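Novice: Take a look at the letters that make up each chain.
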Amino acid sequence: MDLRDTPAEAELRKELRGWLEANWREGMSQQEWFAVLADSGWAAPLWPQEYGGRGASASEAIIFNQERQAIGAEPPPRGIGVPMAGPTIIQHGTEQQKQRFLAPMLRGEEVWCQLFSEPGAGSDLAAIATKAERDGDEWVINGQKVWTTHAQLARWGILMARHDPSLPKHQGITYFICDMHAEGVEIVPLKEMTGEAIFNEVFLSDVRISDDLRVGQLGEGWKVSMTTLANERMALGLGGLGGTAAGAPVDLAEADAESSLETMGKFIARGPHALVELTKRAGLAEDPLTRQRLAKVYTMYEVNRFTGYRITTALMKGQGPGVEASTGKLAYNQLVRAVADYLIHLSGAGAIGAPDDDKLMKTAERLNLVVPATSIYGGTDQIQRNIISERVLGMPKEPRGDAEIPFSEIRKGAA
Amino acid sequence: MDLRDTPAEAELRKELRGWLEANWREGMSQQEWFAVLADSGWAAPLWPQEYGGRGASASEAIIFNQERQAIGAEPPPRGIGVPMAGPTIIQHGTEQQKQRFLAPMLRGEEVWCQLFSEPGAGSDLAAIATKAERDGDEWVINGQKVWTTHAQLARWGILMARHDPSLPKHQGITYFICDMHAEGVEIVPLKEMTGEAIFNEVFLSDVRISDDLRVGQLGEGWKVSMTTLANERMALGLGGLGGTAAGAPVDLAEADAESSLETMGKFIARGPHALVELTKRAGLAEDPLTRQRLAKVYTMYEVNRFTGYRITTALMKGQGPGVEASTGKLAYNQLVRAVADYLIHLSGAGAIGAPDDDKLMKTAERLNLVVPATSIYGGTDQIQRNIISERVLGMPKEPRGDAEIPFSEIRKGAA
Amino acid sequence: MNFAFNDEQREIQAGAKRLMEETAQLDRVLEIAATPEGFDRDDYAQLAELGWTGLHIPEQHGGVGLTYVELVVVLEQMGMALYPSPFFASICMAASALIEGAAAAPLSDDNAALLAAIAAGEKTATLAYVEPGGRYRPPDVKLTARADGGDFVLDGTKSYVVDGHTADAIVVVARTGEADGEIALFAVPGDAPGLTRSEAHSVDQTRKVATLEFNGVRVPAAAAIGEPGNAWPTLNSTMQLAGVALAAESLGAAQHCFDTALAYTKDRFQFGRPISSFQAVKHICADLLMAVEQSRSATYYAGWAAAQQRDELPVVGPLAKAQVHDAFWDAARANIQLHGGIGFTYEHEAHYYYRRATAARAMLGDGDFNREMMLQGLGLAPA
Amino acid sequence: MNFAFNDEQREIQAGAKRLMEETAQLDRVLEIAATPEGFDRDDYAQLAELGWTGLHIPEQHGGVGLTYVELVVVLEQMGMALYPSPFFASICMAASALIEGAAAAPLSDDNAALLAAIAAGEKTATLAYVEPGGRYRPPDVKLTARADGGDFVLDGTKSYVVDGHTADAIVVVARTGEADGEIALFAVPGDAPGLTRSEAHSVDQTRKVATLEFNGVRVPAAAAIGEPGNAWPTLNSTMQLAGVALAAESLGAAQHCFDTALAYTKDRFQFGRPISSFQAVKHICADLLMAVEQSRSATYYAGWAAAQQRDELPVVGPLAKAQVHDAFWDAARANIQLHGGIGFTYEHEAHYYYRRATAARAMLGDGDFNREMMLQGLGLAPA
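Residue numbers (our numbering), protein chains in the order written: chain A, 1 to 415; chain B, 416 to 830; chain C, 831 to 1213; chain D, 1214 to 1596.
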């Protein structure tokens, strides 16, 4: 056990830092930078070289990422393309799909979105009702999707649809790539309780998709989607495990971030030191009750950081992450709730309504309004606990009556 | 809404106080006092007069009980006889059984115990496996019961046994009165984690019970037991709702009580004032963290007291208790856990091991070792939540596979 | 003993329920809340007609002379609907301050007239206590009242003054000297020269708050409530009473969150079953039932103490404020969680209750603060 | 970077696991714990043979010269089995005090010899800090050390001294003056004249504690560890190190509780299903997994900080102590609850872990105390 670099790691770090310093410069356009990353394979270092990756080891990828952050260079294209759609296409797509989609995804030229959730299929994602009907070499899609991020920006969507409602629910699903510019795709922003519209509803009316854009076999959609979702959970869980820049200046710029979700992500990424600083500014650093609250939140940050080292170590050794990674999203949700509550505590009566010029209270207010989402999206806390207990702890699934009967015969209630 | 006596109540209170002062005197034997109570009907005021009760209103019963406590007179015979076995026999027993059993029960001459739980039937009480086989006018009982209080003292036990394992589990059960002096009844004290043996295991080997001692019809045992258990829940829930004698002297005599369960009951009955007093003695009354803890426990006591007034009001009006009563046991468990934790907090390093001469720490230690039982016996907290959600909130039972197949075919695991 | 509502109280309850059904459906509530005043003057006149604006105000001050229990009954129904009205500010804060003040020193004619006008619903008023960045503690009162001839001159700023931009009169908490307890209360007309009022942002969209700037606002000595410099006890009991009132509103709101969530779990199917059949959901609901019922017990008892058992109020007032707002918070959170995605949309009502829970929890001091007050009420002095 | 055990550490882990399987099955543990000494001297000799008694003790002091990480590895296995041994007292408290003291002032020959004997497993020792009714804070140290000629004379009482009735030497915390920080540490022979030792009751039946009465116990100046009157920093870092050690033990115990409970839920059928198929049970287990894994992260990191990153130790030491004992407490409680009635019997092992959780949580200061220490470690001074 040694958290310091091995000689080989130190060597690699030096080399990658050199490459980064040579290739990234302050002020270059995002497009230029994405191109550099894609050309060099660093946009998705773990992908095979033939699909635009580097075939790098996890260790290389992690050190590259650390050094990239250290010099302040932007990350590769985010959104669901590279982390979720890409690995799914690599694992389940046709060669043609790989050649067509992966390169522009890596360059950030084509944004992707996810068309999974529906009003009647939230926790029970396999309950999707969007229909895919075959018509020659094409499929005709009808249905409604919700909670789609970046739908307006997206060129492509990964889509789960039901090709046969007479089959049991998990067996009647097929996975497609949907052209978001196709006729019949209507995108309606969905206003959330924060007052913002980060998400969208997507209405699909007689949208035609060529059979070439099917990912995996007919009826394999559920299986294919598992690849996507495992990658999503990993991304959501790892999100909270970033490095904590102790001592970083606290200017609370994130209170001005475009969306509350961003505010949350940015504030959490500052690490616990920000809370210490804000406690001092609020004049509560000597208050014994505040101190206990602070110590508890601080501890949550730190145990997540330490758990992050365990996960990173496993990844760098080329192992899959262990049991400690399975609770990542739950731990992250616990942390953000605690942080929001702590900021509310520091705000005092200011929690009634943050003055515009008080960035601490503003951040508190934004976080407080957005945290209820964290324990819902990407699988509710309850669903996370089911997954952990069943897949990690080997506890049996509950007896259920919906898995083996035709989808069309399953009882359905309110959307 | 007025918590003070109505004129009629005040009148009744005066009258009952007079009767109590005339009939109870310090130093009289328990036997004498029980006889007085039984003769007057006050041993079970709500029971019909013909069975030794008074046919009194709930209001009378409650005021009698308040006045009895006020002058320090002992309560009527406790244990499971009067509160649980009695009402069950009155509701489901034969006239012969009522004539035989109720009077000695009321006089405390015959103690009763409960033979329900089994190693394989805890939360799932209907899974009892103890067999009752018919032999002429008699039944032959074989099986093992656990968690039986007062088995050594008991003259009679209420017993659930399975007369037909080929029936679905709830339908094959019959309810009996078991002679605890009968041949084949073996009582083995069960040492609990406190180091005490409050409970017993009872082994039944070819115990013969006359069919006269069957309560209710063949196969009605589950239904009959519901009467017993509803009375048990009520008793456990109401246990925590006693009056709180604010300002009562705190001499911590309960640290010397015979059993930890008694210690717990007596300490809780003192009310929250005892905690305030002990906090001062521990020198922590000005510690801000201690104050918050104290205020939280104090609040739990008080909300239970206030809820108790709502329940008492409903009972005095002759109504059944409302939804607020359903959470009584859960609330009581929450309270005793919090009290134990608070005393541990006050003990500091003394929680490692209470010195014999420190009654605060001794009480803390005893409570801490016995509280794990409260969320288990009389139905675990999890079972309580099931009951509340299903019976009070009307939420559906979970789908289950064991209710409609023959008992003998149900899968059974570890005891 | 009767710890249940009597016939008259049940009648008031039924009336309040009916009025809310008629006038406080959520879309109308939001419409009214979106107006600059934040309430409907005809609605308020109706409250006055029903006698509710004078419910707990003694008859000699123009009120109906009922008790705090009746007020609790009405407030619970109002809270359930997030009813937008200066009722809380005017009746449960300002009027209580005047009534409590009258117990310390006779009301001036002006103040007696104000109280009568509040009771009649002819005027609205509010209480201005907390200041920017401040908390509900004596040293946080920085607004000064300087004696000048027979008058007092007020300088300073008040924050989060409930319905303060529309109130006809403001009961303002001011400092007359350096010591913690040197506190005075004055009733100041809403249009007093030197007083600038502006609606302030609140996370709770169904209750307006205002920022009030006092720049040399001059009031006569007769504006004082109680004895200037010695009004801490009056403020203290006013806050305890206001805490019970807010608890009653929030109890109603918490009950509504719970009822709504429970109903939804029975309608919503996932995995071929209503989600109400899942243990995780059932156990959340059982715990919420307990929290809400305990809050009900605490609120009703505190109402009774406010009405009849004043020596317990310093303990059970803050106790109820803390207990109910913890439960309301849990219920508002759980309501969103049990609804899943739909509960996070703006269109769904859940967030309005969550916003109310956030603001009401902070208003009149948070849980820690009220628990500390409760211990002081028990006679346990802090360090 | 490698935040996992290396080959040598894994080998030690495997060795410890094996030793526990061979010598620390629960019935043997209870048998040993029931003896007056509370440990088995042959077992202890075996630990010495394996080099574990000297694991983190520098080679120049007769130890093996490995790090705190290796110690954590061994302790986790010991805690899992509730292994009854003076290992914790001797190696993780007394030896650490001597090592930390050596950094402040060179060890006297006697103390150096004592440390070497501890490292070799020839002697056992312990640390005596807390006093009757006291807590782990400077003003609670009342035992006095009075300078007399070249000697010091000790008077006072120490409580809950781990394995104090059998230790060959006691590192005692004493007060040399009135000010909070005027603290000294002395190594006192277990058989010193004037020292009365008696086994004291502990709720934890697998770890002995003693009460020590010092009546004019005379020790030479050479018994001092660090500088008398100035040993607070030495005591502080010793406590941080001891906290990490206790956390490591308790992590193992918590893991055991969780594993046992999880296994039982799969075997136990109620309602025709294994109880592990009920959501209420599954969700409890998922939360426990998280708590235990977070505790593992905290403990290992704290071990690493103790070994290599000393500037973080004042923060992560108390952090790990608090975090792990919260988790252990939850796991020990849940273990009983998930077992139901059988978990409440004396015959079942669950209560031994619950007892350990109770005692270990209070030992070296409870969660509140350690969180406060953690903030002080961050440089946030209290009021």
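Possibly wrong hints are sitting among the right ones.
[Unchecked claim] 16 Å max Cα-Cα, derived EDC-like pairs, lysine to aspartate or glutamate: (1) A:Lys-191 with C:Glu-1177; (2) B:Lys-513 with B:Glu-436; (3) A:Lys-397 with B:Glu-813; (4) A:Lys-412 with C:Asp-1097; (5) A:Lys-317 with D:Asp-1220.
[Said to hold, decoys possible] Quick look at which bits of chain C chain B covers, simulated, 3 or more residues with Cβ under 8 Å: (6) 849-860; (7) 1036-1048; (8) 1095-1105; (9) 1149-1160.
[What the hints assert, rightly or not] One-sided excerpt, in silico: chain D residues whose CB lies under 8 Å from chain B: (10) Gln-1238; (11) Thr-1357; (12) Arg-1359; (13) Gly-1362; (14) Glu-1412; (15) Ala-1575.
Treat the hints as calculated values from the structure; they're not laboratory data.
Remember, it's a predicted structure, so these values are computed and weren't measured experimentally.
Cβ coordinates follow ideal geometry from the N, Cα and C atoms, glycine included.
Novice: Now look at each hint and say whether the structure bears it out.
Specialist: Taking the hints in turn, this is what the structure says about them:
| no. | hint | result |
| --- | --- | --- |
| 1 | A:Lys-191 with C:Glu-1177 | 7 Å, holds |
| 2 | B:Lys-513 with B:Glu-436 | 31 Å, violated |
| 3 | A:Lys-397 with B:Glu-813 | 13 Å, holds |
| 4 | A:Lys-412 with C:Asp-1097 | 9 Å, holds |
| 5 | A:Lys-317 with D:Asp-1220 | 14 Å, holds |
| 6 | 849-860 | violated (count 0) |
| 7 | 1036-1048 | violated (count 0) |
| 8 | 1095-1105 | holds (count 4) |
| 9 | 1149-1160 | holds (count 3) |
| 10 | Gln-1238 | 20 Å, violated |
| 11 | Thr-1357 | 20 Å, violated |
| 12 | Arg-1359 | 25 Å, violated |
| 13 | Gly-1362 | 34 Å, violated |
| 14 | Glu-1412 | 10 Å, violated |
| 15 | Ala-1575 | 4 Å, holds |
In the structure shown, a violation is registered for the earlier hints numbered 2, 6, 7, 10, 11, 12, 13 and 14, in ascending order.
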